[in-house]
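S.K.: Based on the hints, put chains F and P in the right spot on chain E.
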Amino acid sequence: MKMLPRSGLSKFMSRYGSFGVLFVITLAMSLANKSFLTVPNLVNVARQVSINTIISAGMTFIIITSGIDLSVGSLVALSSCVAMIIIEATGSSLLGIVTGILIGGAAGAFNGAFVAWAGIPPFIVTLAGLTIYRGIALIITGGTPIIRFEGGFRSLGQGALLGIPVPVIIMIIVVIFMHFLLTRTAFGTHVYSVGGNEEASRLSGIKVAKVKFQVYVMGGMLTALAGMVLMGRLSSAQPNTGEGFELDAIATVILGGTSLMGGRGTIWGTLVGAFIIGILNNGFNLMAVDAHFQLVAKGVIILLAVLLDRYLKRKQA
Amino acid sequence: MKGKKLLLIAAALLLTTSTLFAAPPLIAFSVSTTSNPFYATMAQGVKDEAKVLGFDVIVLDAQNKIEKQVADVEDALTKNIKVLLINGVDDGAIPLALKALAKGIPVMALQRNLNQGNMTAFIGTNNVVLGEQLIHWYASTLGGRVSKVLILTGTPGAASSEDRIKGINATLPKYPNIQVLASQTGYYDRAKSLPVAENMLLRFPEAEAILCLNDEMAMGALAAASSMNKKVKITGMDANPDALKAVAEGKLYMTIALPPYDIGRIGVQFAKDILDGKQVQAMKIMDVSFVTEQNVGQFRK
Amino acid sequence: MDSLETPQGASGLSAQGSADSRQSEPGQPTSGLSDSGLSVLGISKGFPGVQALDDVSFSIHSGEVHVILGENGAGKSTLLKILSGALQPDSGRILLDGKEISLRTPGTASQVGIAAIYQELSLVPWLSVAHNLFLGREWMIGRFLMSRKILKEKAEEVFAALGLSLDPGALTGDLGMAEQQLVEISRAFSRNARFILMDEPTASLTETEINLLFGKIETLKKAGVGILYISHRLEEIFRIADRVTVMRDGKSVYSGAAGELSLPELISRMVGRPIGNHYPKETIAPGNLLLEAKDGVSGEEGLTFSLRQGEVVGLAGLVGAGRTEWARKVFGADPDSNMRIKVSGTEVSVASPRHGRDLGMGMVPENRKEHGLISGRSVLHNITITIIEWLSNLGIVDRKRQSDISSEFIKKLSIKCPSDTADISTLSGGNQQKAVLAKWLARKGKIIILDEPTRGIDVGAKFEMYQQMNSLCREGKGIILISSDLPELLSMSDRVYVMHEGRFVAALDKKDTSQEKILEYASGLGAKNTARNGSKGL
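Protein chains in written order, with the working numbering: chain E, 1 to 317; chain F, 1 to 301; chain P, 1 to 538.
Just chain E, with the same shape it has in the complex:
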């Protein structure tokens, strides 16, 4: 068979089709609104996408193994409530945050154990998790938010280093770390393999169940980390927060070019996906688009973005 040469650009586009989508949306938004392309607004957007990006980074790993995690929204609430209760009781932000993240890991382990060893479909397990974690959050707080205007935990959400907001710094660290984990480590290779072909992976000697378990634990911990950032941003922990976060995270991952069938996906893509959603929300607010219309427009744009991404990829494939 003759092989034709392949240009660098086409390769880039086929890999990062969603990048083109982001570019188009950014261009449209900056043309539509003069306050969009300003440094304060871009910093603002980065800060706003941080929570979703941190959750979606974990979700990317899960979806690559052809799983799903619907419990992230509830887990944001549970982990932040637990953390806040510890902070209120001990006065130590650090202890609260560490406990909160461990709770995330434990919830992830709960999800992962049922998926990996009991063989229950992830959709079912995490749907159960969605109600269980929300319920526990409501029980331990008695259904009322815990507000606290002092303590070091607030710097996770409100602080800044060299002018860069702390949530953005956390997001950058998470993205780089997760990208490295996915592309440069044996674990990342296993994650891709399990998603690409579970049986072939098992027959190649990969501990498939262990890989799945780890992916959910990691997802749980990252979700809890996002919960800590949200808690810092709001100076409060709320048992009913985070509803619908799972849908945002799934949309983000898909927009980033990760396949729901598993085996394919990148962390960069997810970051791009998070910015697409973040810029849409930001742009709608800046242009003061009617709330009812926003719902329609957001759905249509997400659909168009995925179509455009597919088109760019197919054209270059």
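Derived from the structure by calculation, the hints contain no laboratory data.
Please note: incorrect hints may appear among the correct ones.
As the list claims (entries may be wrong) - Only pairs whose alpha carbons sit at most 25 angstroms apart, straight line, appear in this in silico SDA-like list of lysine to any residue:
id, chain 1, residue 1, chain 2, residue 2
1, F, LYS284, F, SER147
2, F, LYS230, E, GLY143
3, P, LYS216, P, ARG233
4, F, LYS245, E, ALA32
5, F, LYS233, E, SER35
6, F, LYS233, E, GLU150
7, P, LYS221, P, LEU166
8, E, LYS298, F, ILE165
9, E, LYS34, F, MET228
10, E, LYS34, F, LYS245
11, F, LYS245, E, GLY143
12, F, LYS245, E, LEU130
13, E, LYS207, P, LYS444
14, F, LYS233, E, GLY159
15, P, LYS416, E, LYS298
16, E, LYS207, P, GLU347
17, F, LYS231, E, LYS210
18, E, LYS210, P, PRO335
19, F, LYS148, E, ALA32
20, F, LYS230, E, ALA46
21, F, LYS245, E, ARG264
22, P, LYS369, E, LEU260
23, F, LYS68, E, LEU138
24, F, LYS233, E, LEU130
25, P, LYS369, P, VAL253
26, E, LYS34, F, SER147
27, E, LYS210, P, SER352
28, P, LYS369, E, ARG264
29, E, LYS207, P, ASP336
30, F, LYS65, E, LEU130
Please read all numbers here as calculations on a predicted model, not as lab measurements.
M.R.: For chains F and P alone, kept in the frame of chain E given last:
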């Protein structure tokens, strides 16, 4: 279990004997849910006022389930109640109320209006009026001065949010000095309203106030303003404990307290009036209280 | 609602075509067949990186079997997809009875009477045979109710016309591969297909099943149906082909009547070079004992399977005899605690594929796509997947070493790929198979289980696979070869075990056995004492 059953039988016996001896008249209050503090307070108001006026009262908690409310009220109707106070779970309570009316029992709809015009009386607040009152109040703080404001609305399609918006829009033309820069939804949610408020403040730095249609969004807007180091007046609604705390600390400009306790009390007073053969107001819209730093002490327990 | 008058209807359509449809075909012999038919003229189709079809012309006539030969990647499947409307050509024309047609979708192709049967069957396993037969054309009572009775009667009519004894009420998933294939053929036939395109229909069939299939092809021919048949099994051609076209690198390099060229001549056209010996088996003096195992059913009485260094030991048996099942137990893919084996003299019970791997075993599974390949991932990823932990330091992969090792095996096994980052699923079957083998060689496996290693791959790739087997033996590895291709099994093995109903029924030395003898044992006819003679203790 057994003990509980015996107790119930004893209670039932007590009830029948008490009616036999034509003791105080019996009224019933069917409430949507007492796990919501707002309605728990309303139920307390009913109980306290019943004691004062010499009624026997049974409070039936529907636990937010319409089918439980149906069963509760049907049971109550067999017990020779004189008046039914009802805070419906949803519109499914309308046929129930009509059934009671058909039996000649007066029905007071508390807070949730059921089948306007048919009920003996409605007592509660009204979201359209609430929207109107918010604008009247804000205008009263300005003294004719021009003010640019942002509005955070509730979940699109939620009746309370749409009604409050209706009231606001109907009242704004009366105050040309209030200029609305933008109105966006914060989904009644603290976490979701935070970025929206940030974006709006960035786009409209000249805004003097953010009027929020509930306290959760007001708290989100508060976090947005503090993250951007912006001084902006934020108002909420509901008088939630954290909102009251924020008002006391001077962070939140105002929140609106609804009077659930008084709604319960007036419901019982109306019941007494009717049984005494007096006319009552068919539509009693309760006044709300505007809670600011000056008067917050009365509302915090 | 479709009529079911196919046999008569189809033959009635012959002899109406125009003569010019074959003009541009080089070396077209006068076949004496009817002029009506399906032709392609100067078809080209390119994909990024590959020119899959380059100015291809040929035709199929009613009532003939036209076989297309060619290595994988020669463009046969692309041609088939174009004819079935699944792909659009970049240039060229398609003519039906001399009239130009355009096949925009598989639906259009089906309307003009072209049906394709792919290797992956398109039947719904949990529906009945009759449902599958008429999927999308159900007979309705009113608007919503489907008539099961009519469905069953119509299905019986179709099967009767083809002389098949299939139960229309049976659950399709319960049927064997061959029967499912026959359902597909019946479906095409019932849709008045004038042309049926078959892609490797015999790939997963046994000898008996193949005979049955060929009988039905004969029936279809007589009914006037034109058949395009793609196969790797060269020996089949002479049994069914009327005409043969050979493709290589996207071009049609030969077209002529069957029998015009001998088998070796055809092969040399296919690969572009002569291939002397089909089976280049080298015999190497066996070394140390690598593996001993029982069949797991017969108990201590039964035969013991043994494998030594440098040996290829074949496993023969009919489909369903339990060869793959046995191999999967040995490897740990389906752990069975009753199955105790001796690896290099140590008795173990293999608990998982990982355990099997760590004992030095490797398996190239029968179902490459589902069990072998990690599709969507690169060649490099697929080759190094078994050793990724060896290549890692504190979990971080040494990418240089990874790339070196993958390049080494790409070179060693001559895996043809644009680069080691290419998606494994874009490679041809033979090259995919080599990559699956490579991952076990990278792991330095000593015992390699090859389950139908040459199924669905072309002659050239088969030959290379045999050479690889030789070189593995030279390196002191032992190979367990499972194959339904008896000549291959017999030629490439040093010894052969025959399985029947899950048991080893014979251990035969290559020099004193024959295909007939193996078949006899495989069908359970072999005398028991012969089997005992071959027995050796653990």
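S.K.: Hint by hint, say whether it matches the structure.
M.R.: Structure-based check of each hint:
| no. | hint | in the structure |
| --- | --- | --- |
| 1 | F:LYS284 <-> F:SER147 | 33 angstroms, violated |
| 2 | F:LYS230 <-> E:GLY143 | 31 angstroms, violated |
| 3 | P:LYS216 <-> P:ARG233 | 18 angstroms, holds |
| 4 | F:LYS245 <-> E:ALA32 | 40 angstroms, violated |
| 5 | F:LYS233 <-> E:SER35 | 23 angstroms, holds |
| 6 | F:LYS233 <-> E:GLU150 | 21 angstroms, holds |
| 7 | P:LYS221 <-> P:LEU166 | 21 angstroms, holds |
| 8 | E:LYS298 <-> F:ILE165 | 23 angstroms, holds |
| 9 | E:LYS34 <-> F:MET228 | 20 angstroms, holds |
| 10 | E:LYS34 <-> F:LYS245 | 38 angstroms, violated |
| 11 | F:LYS245 <-> E:GLY143 | 17 angstroms, holds |
| 12 | F:LYS245 <-> E:LEU130 | 31 angstroms, violated |
| 13 | E:LYS207 <-> P:LYS444 | 20 angstroms, holds |
| 14 | F:LYS233 <-> E:GLY159 | 23 angstroms, holds |
| 15 | P:LYS416 <-> E:LYS298 | 45 angstroms, violated |
| 16 | E:LYS207 <-> P:GLU347 | 24 angstroms, holds |
| 17 | F:LYS231 <-> E:LYS210 | 52 angstroms, violated |
| 18 | E:LYS210 <-> P:PRO335 | 18 angstroms, holds |
| 19 | F:LYS148 <-> E:ALA32 | 23 angstroms, holds |
| 20 | F:LYS230 <-> E:ALA46 | 19 angstroms, holds |
| 21 | F:LYS245 <-> E:ARG264 | 49 angstroms, violated |
| 22 | P:LYS369 <-> E:LEU260 | 19 angstroms, holds |
| 23 | F:LYS68 <-> E:LEU138 | 23 angstroms, holds |
| 24 | F:LYS233 <-> E:LEU130 | 36 angstroms, violated |
| 25 | P:LYS369 <-> P:VAL253 | 30 angstroms, violated |
| 26 | E:LYS34 <-> F:SER147 | 24 angstroms, holds |
| 27 | E:LYS210 <-> P:SER352 | 14 angstroms, holds |
| 28 | P:LYS369 <-> E:ARG264 | 17 angstroms, holds |
| 29 | E:LYS207 <-> P:ASP336 | 18 angstroms, holds |
| 30 | F:LYS65 <-> E:LEU130 | 22 angstroms, holds |
In terms of the numbered hints stated before, the structure departs from hints 1, 2, 4, 10, 12, 15, 17, 21, 24 and 25, listed from lowest to highest.
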